[in-house]
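Trainee: Build the full structure now, drawing on both the sequences and the hints.
Just so you know, the sequences run in chain order V and A. The opening residue of the first sequence carries number 1 in our numbering; numbering runs sequentially from there. The opening residue of the second sequence carries number 1 in our numbering; numbering runs sequentially from there.
Do not take every clue at face value.
Under the rule of at most 20 Å between Cα atoms (straight-line distance), these lysine to aspartate or glutamate pairs were calculated in the EDC-like manner [claimed, not checked]:
{"hint": "1", "chain 1": "V", "residue 1": "K97", "chain 2": "A", "residue 2": "D39"}
{"hint": "2", "chain 1": "A", "residue 1": "K72", "chain 2": "A", "residue 2": "E126"}
{"hint": "3", "chain 1": "V", "residue 1": "K72", "chain 2": "V", "residue 2": "D56"}
{"hint": "4", "chain 1": "A", "residue 1": "K203", "chain 2": "V", "residue 2": "D56"}
{"hint": "5", "chain 1": "V", "residue 1": "K203", "chain 2": "A", "residue 2": "E221"}
{"hint": "6", "chain 1": "V", "residue 1": "K97", "chain 2": "A", "residue 2": "E126"}
What the hints contain is simulated information worked out from the structure, not anything from laboratory work.
Protein chains: 2
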Amino acid sequence: MLAHIARRIGHFHGHQISSAILRRMRASLKTINPISLQDFSQPNPSWSPEMRKFYDHYNAQCDTDTETYENKTGPWRKLPSYNRSIKHATGGIYISKLIQAKARLFTRSVNEQGATFEYVAFFNKEEKICICLFQPGHLLEGAPGHVHGGAIATMIDTVTGTLAGYLSGPSVTANLNINYRSPVPLGSVVIIHCALDRIEGRKTFITCKVTSTDESKVYTEATADASIRYVLYYKITVAHSHLISAIQSK
Amino acid sequence: MLAHIARRIGHFHGHQISSAILRRMRASLKTINPISLQDFSQPNPSWSPEMRKFYDHYNAQCDTDTETYENKTGPWRKLPSYNRSIKHATGGIYISKLIQAKARLFTRSVNEQGATFEYVAFFNKEEKICICLFQPGHLLEGAPGHVHGGAIATMIDTVTGTLAGYLSGPSVTANLNINYRSPVPLGSVVIIHCALDRIEGRKTFITCKVTSTDESKVYTEATADASIRYVLYYKITVAHSHLISAIQSK
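Mentor: Structural data, given as structure tokens:
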């Protein structure tokens with residue numbers, strides 16, 4: 001099955017990947033242990049009833065049931081979220097092997113449930129949009145009682161980058177322009193709405209809005225543009241996230 | 001001495017604060033326990049020799065010795081950094097008392113030394129600039145081996161906000177516009193340079209650049225504008241940080 005996935009990745013997002021890159025990816029596949037990968041965007045006891053309600057709402061409209069992996073029909077796809085990249089990146093990217101071994105994805109680096117970034121993202125391929133339910137925890141404080149602007153920027157970067165990745169292939173954020181309209185209370189639940197604005201050459205332009213769950217209040221508005229990068233490790237990163245997703249859904 | 005500080009805050013940054021606000025601030029002073037406040041921007045064993053070298057370089061040019069509190073002469077002032085606000089904010093800002101009790105400043109919320117944001121900021125009042133030495137730890141990963149764009153945005157928000165606060169009084173970030181030029185390797189040391197662009201009414205415009213320590217490489221460029229907010233809790237926040245600083249330096 002791994003060979004099958006590697007073949008699929010060979011035509012990842014319509015971009016032909018060279019055989020040298022494919023060889024490296026196949027080699028790195030051997031290090032994947034699907035059992036050790038936990039999807040951190042599944043509901044947990046720290047989720048408020050409101051967070052759970054909106055999760056159930058979107059999950060019911062997904063193409064695949066995220067708990068039983070049964071096929072359903074629906075416009076949305078739930079995106080899994082892990083706490084690390086596969087350790088394929090070597091040769092000068094990391095400053096030291098120690099850092100490489102301990103590295104964790106920023107938004108999933110704190111193990112305590114509910115303490116930092118509780119979120120789950122859904123992707124709608126047809127409408128080219130992504131929504132993310134976000135419940136900021138008590139370790140994300142900026143102004144007293146409110147979420148740090150950097151934590152909001154982190155989620156905006158994450159969700160816009162994810163949408164750009166799914167629409168255009170492996171991308172990195174080139175610009176983020178964020179307008180903070182109103183502070184987000186700690187422990188509340190907000191919805192991050194991202195939509196494709198346009199694609200120009202290598203660049204994917206995304207608009208983003210952070211609102212209350214009833215959408216009556218706009219906390220933050222932003223635009224992001226992400227560039228497709230034909231650099232090995234970015235390609236592998238996104239390919240890997242698809243790989244892991246494929247492995248888990250088997 | 002507390003009354004003396006409270007009087008000084010009454011004319012904080014030239015803005016007259018109403019007696020009702022002063023009463024609330026005096027009441028909240030009673031909850032301050034200076035002994036429990038740790039300055040997290042002091043050197044620790046996780047700092048690389050490079051980080052320590054640049055810290056020593058700027059610290060030697062400070063107006064006050066940060067370890068002995070002796071007066072020296074120099075253009076720089078080292079800015080202390082704590083892991084929490086004083087718990088004065090009540091009445092609907094926090095969603096629950098539990099969150100309020102556990103809330104920690106985002107950039108100082110992880111206790112493990114070297115794991116997340118290791119940084120120290122220096123302020124030069126005469127030149128209206130702020131520099132920050134930043135050593136991103138292994139829990140801030142975005143693309144493999146590199147710092148998450150959100151973690152960089154967090155530091156830019158923190159340092160530009162600090163500079164705006166020291167120049168114009170209590171402010172909140174209204175806009176952040178960030179151009180990511182090159183990814184920052186995990187575990188490296190970078191310098192965040194912030195400078196005043198202009199002040200227009202309530203708005204303070206700051207420019208920001210993230211570079212390698214020798215300034216040969218520009219990783220990120222950004223602009224930020226912060227607005228003075230005449231809202232109680234923001235006033236108290238910045239006033240408190242000055243208070244704590246004043247108490248610690250006595």
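Trainee: Determine for every hint whether it applies to the structure shown.
Mentor: Going down the list of hints, with the structure as the test:
1. V:K97 <-> A:D39: 30 Å, violated
2. A:K72 <-> A:E126: 16 Å, holds
3. V:K72 <-> V:D56: 14 Å, holds
4. A:K203 <-> V:D56: 42 Å, violated
5. V:K203 <-> A:E221: 19 Å, holds
6. V:K97 <-> A:E126: 43 Å, violated
When each numbered hint is compared with the structure, violations occur for hints 1, 4, 6.
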